[in-house]
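Colleague: Here's the letter readout for the chains.
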Amino acid sequence: MIKLNNVGKIYRNGQIVYEALHDVNVEIMEGELVVILGPSGSGKSTLLNVVGGLDAATGGNIYFGGEEITAFNDERLGKFRAKDVGIIFQFYNLVPSLTAYENVDLMSDLGIDIMDPMEALKLVGLADKKDNFPSQMSGGQQQRIAIARAIAKRPRLLLCDEPTGALDTFTSREVLKLLQDQSRIDGRTVVMVTHNALFAEIADKVIKVKNGTIDEIIINDNPKDAFELDW
Amino acid sequence: MSKNLGIKLIRDLKENMVQFLAIFLMCFFAMFIMESFDCVVTGMNNTVDEYFTVTNFMDMNVSAASFSREDLSLVQNLPAVKKAELRYSTNGKIRIRGEERKLEFNFIEENDISKMLLLKGIQYDKDLHGIWIDRYFAAKQGIGVGDNVSLTCDGVAFDEVVMGIIENPDHIYFKIDNTYTEPNFGEYGYAFLDSGDYPGESLQFDTIYIDLKNVTNQFHLTDIDKNEIEAAKFEIQNLFAGSNVSCVSKKDDEGHDSIHSDLESDETLEIVFPCLFISIALLGIVSTMTRLVLKQRTIIGTFKALGFSREVVFIHYISYSVLVCLLGCVLGAIAGWYTLGQYIFDILKLYYCNPFGRLEISPRVIIVISVVLMMSALTNYFSCKGILSLRASEILRPEPPAVAGAGFIEKTFIWKRLSFASRWNIRDINRNRVRTLAGIIGVTLCTALMLTAFGMDELNKGVPNWQYSRLTPSNYEIGFTPDTNYSTVYEYARMYKGQMVQKIQTDINKGDERGLYYVTVMDEGNLYNFQDSEGQFMKLPDNGVAVSAKVMEEMELRIGDIVSFKIPGVKEKYNAKVYSVFKAPDEQGIAMKRSFFERINGEFKPNLLFTNMSVPKRYVTEREEIISVFAKEEYIRALKLKSAATEQEVYYVMTIAVMLGIVVMYNLGILSYVEKIREVATLKVLGFSTGNIRWILNQQSIIIDGIGTIIGLILGKKILVFTMSNIDYSTDFIYRISLKPYILSIMISFVLSITVNAIISSRAKTINMVEALKGVE
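Protein chains in written order, with the numbering used here: chain A, 1 to 231; chain B, 232 to 1008.
Hints are supplied without guarantee of correctness; some may be wrong.
[Stated by the list, open to error] Chain B residues, not near chain A, derived (Cβ > 10 angstroms throughout):
| # | residue |
| --- | --- |
| 1 | Tyr759 |
| 2 | Lys824 |
| 3 | Ala876 |
| 4 | Arg909 |
| 5 | Ala989 |
[As the list claims (entries may be wrong)] In silico DSS-like cross-links for lysine-lysine, where the CA-CA straight-line distance does not exceed 25 angstroms:
| # | chain 1 | residue 1 | chain 2 | residue 2 |
| --- | --- | --- | --- | --- |
| 6 | B | Lys245 | A | Lys129 |
| 7 | B | Lys234 | A | Lys122 |
| 8 | A | Lys177 | A | Lys83 |
| 9 | B | Lys245 | A | Lys130 |
| 10 | B | Lys234 | A | Lys129 |
| 11 | B | Lys234 | B | Lys245 |
| 12 | B | Lys333 | B | Lys873 |
| 13 | B | Lys996 | B | Lys915 |
| 14 | B | Lys234 | A | Lys79 |
| 15 | A | Lys83 | B | Lys234 |
| 16 | A | Lys3 | A | Lys83 |
| 17 | A | Lys130 | B | Lys234 |
| 18 | A | Lys83 | B | Lys616 |
| 19 | B | Lys616 | A | Lys79 |
| 20 | B | Lys734 | B | Lys797 |
| 21 | B | Lys324 | B | Lys351 |
| 22 | B | Lys526 | B | Lys915 |
| 23 | A | Lys177 | A | Lys129 |
| 24 | A | Lys3 | A | Lys210 |
| 25 | B | Lys444 | B | Lys482 |
Simulated from the structure, these hints should not be mistaken for lab results. The beta-carbon is built from N, C-alpha and C at its ideal position, and this holds for glycine as well.
Take the sequences, apply the hints, and build the full model.
Modeller: Listed below in structure tokens is the structure:
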């Protein structure tokens, strides 16, 4: 479903040149739960960003469902994200002035057909919080609303950048379970970036990143259930 | 805009109430001031235009002791003349309920030029017998159509039936005689009758009303109109050369001139104050909206990451400012119309009779509102564009702090000697130059606005003292009829120990350049003085003339130039060299000594006498040669009455200026503080005391406010001089103001700004260090 050929990413800031990704070659299959693992500064978030079209690769090609997204212009990339990609951020990035329901319903403003926001909230177990503002919810609840927002548009690809980075153990497990279900039950491709090696146990595929290159790709034939993770 | 973004917009407006309220108020105040003046100026200009068009207001009138039908034919046969009419005007009396009132009688043969505008009753017809009376007089005295009124004209008593209630454009500004310093409608009146109803033995027409072929009826004359009028005036003066004939074009007509100069002064205020107010408002809008958009950087990044198109994000963020600015501008304009605008209009109604008078909106207001909306929309557009031009991943990263290299001071030895507070502030200013500049501009504009308003108030209030204590300090002024001979005036001068002055309005020429000004010829004495532009007393030259500064400027005269002028009824043209310049509050023109005037063969015919001795008011009615007797107090009272309206306008402007100043300074202060909040929290975490932190913050505001205030005072003085010199072409001032306006401006802008910043910096005491140092919104 997703194919990266010799993908590179170079940041330039005046005289300073920083190579965040170098010659990355990866393939991700439809419905897979992929965990991108690596220490801080390894390039894992950059890799996620270029796959989701949030950032542009400076070299190589990225294909999504046969289409080369590295050839997309800004507008086409926007449409791609709106239609095919659901994004979950480390700090949730909910709109503070909208309620839980409105944050999910916001996706309908993209002009795409989305599921009933209440249904999405039910899926993440927060239907009773529909009228709460982000500031009235815990971090875990906010992240679940963010997941509801991402899945409401039924994306083919779900990108998660350190989705449990700001959460406690119990809540992290709940969020991971939700994401795992997206892959297992709904057949969505889920790509998750984390620095927590433990999460590799729930993935179908683990991509280890080090210094901007792929260090190792591990296929996990028997991924654990998120609730089985031992913190 | 979609439903959820609309909801977000409304909630964001509520959440950032202080900033949006500030933007709303800035727009409100700016448009309040603009519309207040604009609706009056536009309404009056358009309706006077309408009035003059409907009534075919005269282009010119020629007056003399008498005109025959042959004279009329001569005028009518001039190529430039479309039509001419004879008229006789004289003051008489009307008896109402046993009491006599003054009434100006106008005997006409036709009603085609400066026509009566019939409001009630029957239209004028040559075959109809009766009287047409002005509406204000009729209303106040209870006169109606069909009433029989007892009249006295030229010593003959007669009765007439009231045929109609009318208004007439010649009487738009109407004082029945020189016993009045200002119009007092209804106390006296004017009336029109057919010449056939003249009660005396033989009617001598004293005026010819002229309608020119190529001159429009509009209030504001075009250059073509002015040239046509000047050419016709020249022809008519030639036609009656040698006779004592006075030719008044419509632009020199008292009513036309007065309303024109009043509207001109309002137009100047309409330009100066709104420009300042709008500049301040725009500065506030730009700085506030830029910061508000930047504050939503992460949300904008999220929108982009989620796939929202640029257009949707642009429209959403542009809607914030446009909505608030539109609301502020429209409500401000409405409030300005119904309060200050209505007030100014009501004041003008006391001076001018205009049956069509109303307030009107002009395209200027629409344009200015559009500019404000455009500016606010563009601010948000460019702020959003700057963010949206980045990749979504970049937007979602926290913005790096502003970077700036070492400034000039940092490379000098002074740097090491500076305290931490000073170094912190210098670096902060260096890194946030735009914010610092916005702060300085804000204080500069507010100070300039205050100084302009306070300075105007002082200059206006100083006019009576300047005019009647310094220039003409005499207690009484006697006016004589034009045909009073020298020996009669001289006798009065001896009797009242007075100073004789000849003052007449006539054309003054410099080559082909011509203007209607005053020529003043002074006899010996110290009751009529002159001052230069510095306010120093000066003597008139022995071998030439002194010219008022306003005329020097308008006619582009220089010392040494030759000016020429004529005295009405005298064939000779006098030439004189300009020797010096004087300042005059009104009645601009040239002045000379009697000795010089006689040396160039002029005949000194004084028509004014200034004296410190008490002169009985009854002279006006008892003595034929005297047309007016004014006590100084009367003039001062009239001047104060007239300037009361201007004062009120200035008070309005001052109040709004202060309110706007508070809003702008508080807003800029808050925005600046919010930007520094992380650094303040860091300093506090590091152990700096609240007092230390407050001193650091206050030191910067003192520097910014100090610089802004100094520049504001300089700018304010320049704006003041510009405003006052353009306020009215016949009015002038000595542009010296006391320390009071400066101190008041400093007090309000500098002290206010320091106070606002001190209040804001006091928040350092209660700052939530944990919240402030969090990296996310």
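Colleague: Indicate, hint by hint, whether the structure satisfies it.
Modeller: Against the structure, the hints:
1. Tyr759: holds, 73 angstroms
2. Lys824: Holds: least Cβ distance 78 angstroms, greater than 10 angstroms.
3. Ala876: holds, 48 angstroms
4. Arg909: holds, 17 angstroms
5. Ala989: holds, 31 angstroms
6. Lys245/B with Lys129/A: holds, 22 angstroms
7. Lys234/B with Lys122/A: Judged against 25 angstroms, a Cα distance of about 22 angstroms means the pair holds.
8. Lys177/A with Lys83/A: holds, 24 angstroms
9. Lys245/B with Lys130/A: holds, 21 angstroms
10. Lys234/B with Lys129/A: At roughly 20 angstroms apart (the allowed maximum being 25 angstroms), Lys129/A and Lys234/B satisfy the hint.
11. Lys234/B with Lys245/B: holds, 17 angstroms
12. Lys333/B with Lys873/B: It holds: about 23 angstroms lies between the C-alpha atoms, which stays within 25 angstroms.
13. Lys996/B with Lys915/B: holds, 9 angstroms
14. Lys234/B with Lys79/A: This hinted pair holds, its Cα atoms lying about 20 angstroms apart.
15. Lys83/A with Lys234/B: OK: Lys83/A and Lys234/B at ~19 angstroms, within 25 angstroms.
16. Lys3/A with Lys83/A: holds, 19 angstroms
17. Lys130/A with Lys234/B: Roughly 17 angstroms separates the two Cα atoms, so the pair holds.
18. Lys83/A with Lys616/B: The hint holds at about 23 angstroms.
19. Lys616/B with Lys79/A: OK: Lys616/B and Lys79/A at ~18 angstroms, within 25 angstroms.
20. Lys734/B with Lys797/B: This hinted pair holds, its Cα atoms lying about 13 angstroms apart.
21. Lys324/B with Lys351/B: holds, 22 angstroms
22. Lys526/B with Lys915/B: holds, 23 angstroms
23. Lys177/A with Lys129/A: holds, 20 angstroms
24. Lys3/A with Lys210/A: It holds: about 19 angstroms lies between the C-alpha atoms, which stays within 25 angstroms.
25. Lys444/B with Lys482/B: holds, 16 angstroms
Hint check: no violations occur; every hint is consistent with the structure.
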